[in-house]
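Knowing the structure of chain C, use the given hints to seat chains Y and S on it.
Residue numbers (this note's numbering), protein chains in the order written: chain C, 1 to 644; chain Y, 645 to 894; chain S, 895 to 1155.
Hints are supplied without guarantee of correctness; some may be wrong.
To be verified - Keeping only pairs whose Cα atoms sit at most 25 Å apart, straight-line, the calculated BS3-like set for lysine-lysine is:
id	chain 1	residue 1	chain 2	residue 2
1	C	LYS390	S	LYS929
2	C	LYS510	C	LYS530
3	C	LYS500	C	LYS538
4	C	LYS33	C	LYS182
5	Y	LYS731	S	LYS922
6	Y	LYS745	S	LYS1074
7	C	LYS24	C	LYS473
8	S	LYS1051	Y	LYS842
9	Y	LYS745	C	LYS390
10	Y	LYS745	Y	LYS848
11	S	LYS983	Y	LYS745
12	C	LYS486	C	LYS253
13	C	LYS510	S	LYS929
14	C	LYS184	S	LYS1112
Rather than coming from a laboratory, the hints here were simulated on the basis of the structure.
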Amino acid sequence: MLLDSKIPEGPLAEKWEKHKFNVKLVNPANKRKYDVIVVGTGLAGGAAAASLAELGYNVKAFTYHDSPRRAHSIAAQGGINAAKNYQNDGDSVFRLFYDTIKGGDYRAREANVYRLAQVSVNIIDQCVAQGVPFAREYGGLLANRSFGGAQVSRTFYARGQTGQQLLLGAYSALSRQIAYGKVKMYTRSEMLDVVVVDGQARGIVTRNLITGEIETHAAHAVVLATGGYGNVFYLSTNAKYCNVTAAWRAHKKGAYFANPCFTQIHPTCIPVSGDYQSKLTLMSESLRNDGRVWVPKTVEMAERVRQNQIKPQDIPEDERDYFLERKYPAFGNLVPRDVASRNAKQMCDEGRGVGSTGLAVYLDFSDVIKRTGAEAVSQKYGNLFAMYEKITDENPYERPMRIYPAVHYTMGGLWVDYNLQTTVPGLYATGECNFSDHGANRLGASALMQGLADGYFVIPYTIGDYLAQTPPKPVDTSHPAFAESKAFVQARTERLLSIKGTRTPTQFHKALGHIMWEYCGMARTAEGLKHAKAEIQKLRQEFWQDLKITGTGEELNQALENAGRVADFLELGELMVDDALHRNESCGGHFREEYQTPEGEALRNDDEFAYVAAWEYQGDNQPEKLNKEELTFENVKLTQRSYK
Amino acid sequence: MSWITKTFTSSIGRKIIMSLTGLFLCTFLVVHLIGNLQLFKHDQGAAFNTYSHFMGTNPVIRTIEWGLVLGFGFHIFEAWALTRRNKAARTQGYAQWHAEKNSEWTSRNMGILGTIILIFLLVHLYNFFWRARFGGLPKVGGANPEVRDLDNLYLAVVDSFHVWWYVLLYVLAQISLGYHLWHGFRSGFQTLGLNHRKYTPLIKYVGYAFAVVVSAGFASMPLYFFLFTNPQGEIAANAPSLLHTIASAF
Amino acid sequence: MAGSNPNAKPMNLTLNVWRQPNRTAPGKIVEYHVKDISPDMSFLEMLDVLNEDLLHAGQDPVAFDHDCREGICGSCDLFINGRSHGPEKGTTTCQLHMRKFSDGDTITIEPWRASAFPVNKDLSVDRSAFDRIIQAGGYVSVNTGGAPDGNEIPIPKEISDRAFEAATCISCGACVAACKNASAMLFVSAKVSQLALLPQGQPERKTRVENMVAQMDKEGFGACSNIGSCAAECPVGISLENIAILNREFLAAKATSNNLA
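Just chain C, with the same shape it has in the complex (with noise of 0.2 Å):
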C-alpha cells in the first residue's frame, strides 16, 4: 500500500488552517447518529472523548482501570511546554516546532510538528478554563519553567504533578459527558481486537476484566489511545499495566506499525536494587541543573566504593570523574537524555560504575548544598529527595543520589496520517500509541503536550472528516466479523489457560526485558540484535509452550491479562529488533555503535534514512514488510547535533 501521510498542500504555517476548513463537516443533528469508540482515557483518550462528546457524537469509551482517572498519564512529572512567549524571551510557534524537529533529530514530520507547536498554545487555554492549578507568579499570571536543556521557558508546570493535574482536567470533562450521557463509560475493560467490516474499523473486542466476559462493541469509528510500549523492556518508568496489547492488535489487523526501534531511555532513574524489581521510579530531569554526575576515577577506587569500604562523599576530588563535564563542557550536565544516558551505561560498562551491582553513576547534590544552602535545595527539590530517600534509604543531602538510566517513552507506534488515522480506515491513533511527532527522540515536556493535542484539537476535527464520509446508518455488532473476532479472543484465552507449563507469565516477561535491554536498549549492534531476534523468537515459542497460569477466564484473573500482555510483547519485540537492525544509522534513541562520529556522537544517514519505516504485518511468524514514508525538510536545515 502507498504511505500517502495527506499533508494538505500549502506553506507549513497555513497548512492546518487551510486543512481544518478543507475536511468535511458532519450537520449537526447528524453528529449523534454516530457513534465513536475511544479506547484509553488517558490525556490522549480522555480529551478526545470529551471533545468529541461535546460535539454530538456518541461515544463509548474504554479503559481497563478501574477509574479513567488513572491512566499512566497522571505519572508525568516535569511539565508541558507551549509557544505562549509569556516570558518575552523569543518563543515562538516556530521555535517549538524547530526545537521538536531538531530534538527529534530529523525523523519527524514537519507538517505535524507544526501542528503541534500551533495548538499548544490552546491546550493551556483549555486547561487553565477547566481549573487546572498551574505554577503562578504572585501577580496572579502564569509561571514557565526552562526544561530539559531547552533555551526557552515554555513549560507550564503544576510542582511536579503536572501530567496529574492535565489528566484530572481531561478525566473532569469527560466526567461531565459521562453525566449527560454522551459517553458511555467502560471501566476494567480491556480492548483485545479490532473488528474491521469490509475495510473499515467498525468495532473492538474486549474482555471485562472482572466477570470476563468477552464483549463486543460497534462505532463508526474507533480511536486508540493507549499509550505506549515501553514495558517490552519489563523495567521502565511506565506503569506496570502499560502495555502495547491495543495497539498490537490494531497492527495485526492491518495498522501499520512505525519506527518501533525509537525507544527513550531517561539518564536520571533510581537504579535496580535487585531482581525483585519490578518498576523503575523517575527522578525529574530538572535535577540535572543542579547536580553533578560523576564516577570513580578509577575502577579500583568504582570497586572499593562497591564493596562499601569507601563512602562515595568520602572519595577525593581527584578520584573523581565529572564526565559529563569532562567530554561536554559547552553543555555539561545538561546534553539531552539520550547523550547522558549513553555515557552513563559507557561508565559502567568501562567498570567505574557505583552501587552494589555497578549499574550507577552518581548524581550530586554537595556543590550546590555547599553554594547556597541545603534549606534552598530543599525548596527546589524536597520532594524529589523524599522520594529518592523513601524508595533507596538514603539521604541524598549526605551522599550523592545514584542514578541510572532506564526506558521511560516509546517514539514509535501505529503509523499514523496527517488525520490520525492508520492505515486501516476508521482507526485513529492518538498521544504515545502513534508514531508522530517526536522523531527519533521526545523533548522533555512535549508529552502532555502532544496527547492533549491529539486529544482536544486535532481529532475533532480530523474525525469528523471521515464520519462526514460515512453514512450516518446505526452499526451493529452482527456482522460475523464481531463473531470471529470474539472468537479468536475467546481461544486465545482458552490456549493461554491450557498450557500449563512451569514459568509465570512474569518469568517471560523478565527474561524478554533483559534481551530487550541487552541488545536493543541504549547501545545495538547489528550482531547483538541478530542474536536477539533469534533469541526471541526462542522465547517466544517457549511461552506457548511452557506458560503457567491459574484460575478461569470468566473471573478477575490477573495472571491471564498479564500472559496476554506478554504474549503482544513477545512479538512487538521481535519487530523492535528488525526495525533497529535495518536502520542503519544512529538518530535520537536508536543508537547503533556501529554509526557514529570519531567523537563517539551518534552518526545519522539521512540520504538513506531519512524515512518512517512503517511496518506492515504479514501473518504469524512471517516476516514484517517494510513501508517507507520519506520525510522531506522543507523549513528547517538538516544538522549534526553537537553538544560539545
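For chains Y and S alone, coordinates are given in the frame of chain C:
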C-alpha cells in the same frame, strides 16, 4: 421532599444540626454551671434555692427550656440517625483496626460518651428537675421570709451527694462530658465551616479549656458535698474556700 | 543489595491475607509465608513474590490493584496492619518499603472496607462511587475550544497554591478506609474546595456542592464526625480544612441557591 428536609436529612445537614444543637447546649452548660455555683455559697442553700425558684417560674426561662428540650432531642436523635448511617456504611469490619495511630480516642467515641451522658441526664432529671418541677420537695422553712416558702432543692442536692455511688456516677458522667466537649466544641465549628488558619487553633484551645472547666466545675459539686458537708448541708471548716470565692463572684 | 544498608538481612514474614473469590462469595483471612524478603523491596514487590510462589504452586494468586507504583495513580489500596496504606505516614502502599517491617513479623492485609466499595476479589475493591461523585459535578463546564487566554484570569498565587494542594488528591480511598464512619468527605471536599477557591469554579459553585454531596450520600458513605483519621492517613496530605470548606459551601449553597428541589 422539600429542599429544607433534603438539606437536613443529608449527611452534612444532620451534622449541621448536631453542631448547632451541640453549641447551643454548650451555652446551656455555661448558664447551668454558673447558676449551680450558688451551691458553694456558705448560706445553707438560700441563694441556690432562690435561683432554682427563679429558673422554675420565670416565663422567659420556661420558654427557653423548651428550646433546651428540642436541643437535646435533636442532638440525640441526629446522633442516633448518623450512627445508624455510619454503621451501614461499613457492614464488614476489619480484622485489624488501629485507629489509635491516626486519631484521638474521644473523637471516635462520641456516641459512647454521649450515651453515658444521656443515662446520667435521665437520672439527673429525675432526681432534681422532676422533683423540683412536679413536687416532692419540702419547703425551706425557717425564719427567713425571703426563702422560707421556697422548695428546698439544696437539701435534695445534699442528700443525693452523700450517696457514694451517686457521686461516682456524677463524676464519671462529668469525665464523659469533658471528653465529649474536648472533641465536640471544635468539631462544632468545623462542621459549620467556621475554619480559618488564624482562628481555628484558638477555637481548638478554647474548646479544650471549656471542656476542662465545665466538667471539672460540675464534678466539683458532688465531690464537695460528699467530702465537706454534713447531711444537713453544713459546710465543714476544712472545705476549700476557692469554690466559695468563685461562687461569690456571681 | 544495592541499598545503602548493607547489613539489612532478608526477612521471613507471615502474611494474613483476605481472600474472597468474587463479589458475592464469602471471604476469609488466609495465612501465607514468604521467605527471603529484601528490606529494599516495596510492599507490592513483596506481594509479587507471594504471587509468583502461589502461581508456581498452582494456586490462585492474590488479586490487588496497582499500576504506577510511584504513588500517584491512586490504584493501590491495601489496609495493612489495621491502617490505610500501612504504617508509614504520607505514603501509598506502592511506596511503602519492607524495611519498615522486621524479620518474623506477621502482617495482616485487608481490602478497603466500606459498603460503597464492594470487594471485586481478594484485595481489589470497586471505587467507582468516587467517579460517580465527580460526575455529579466535580468539573467546570467548559467545552473544548473557545477558552479565553490562560492569562486572562489572574489568580493570586496563594489561592492557586491552595487549590493545587486540594487538587493533589489521588482518589485512592484511604480516607474512606481509615474513617470509622467510612465517610468520603475528605475526597469530596478536596474537589469542592479546589473549584470553590478558583475563579473558574464560581459559575457552578452552588449546584456543584449540592449535587456532589447528594451523590456522596446516595453512594452510602458515612457522615463525617471530624475524627481526622482521613487526613492523618491520606498519602498526599489533603487537609481537614477542606472539609470545613465543604461544610461551609454546602450550607451557603443550600441557604442561597435557587434550587427548590
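ask   = Which of the numbered hints are not met once you compare them with the structure shown?
value = none
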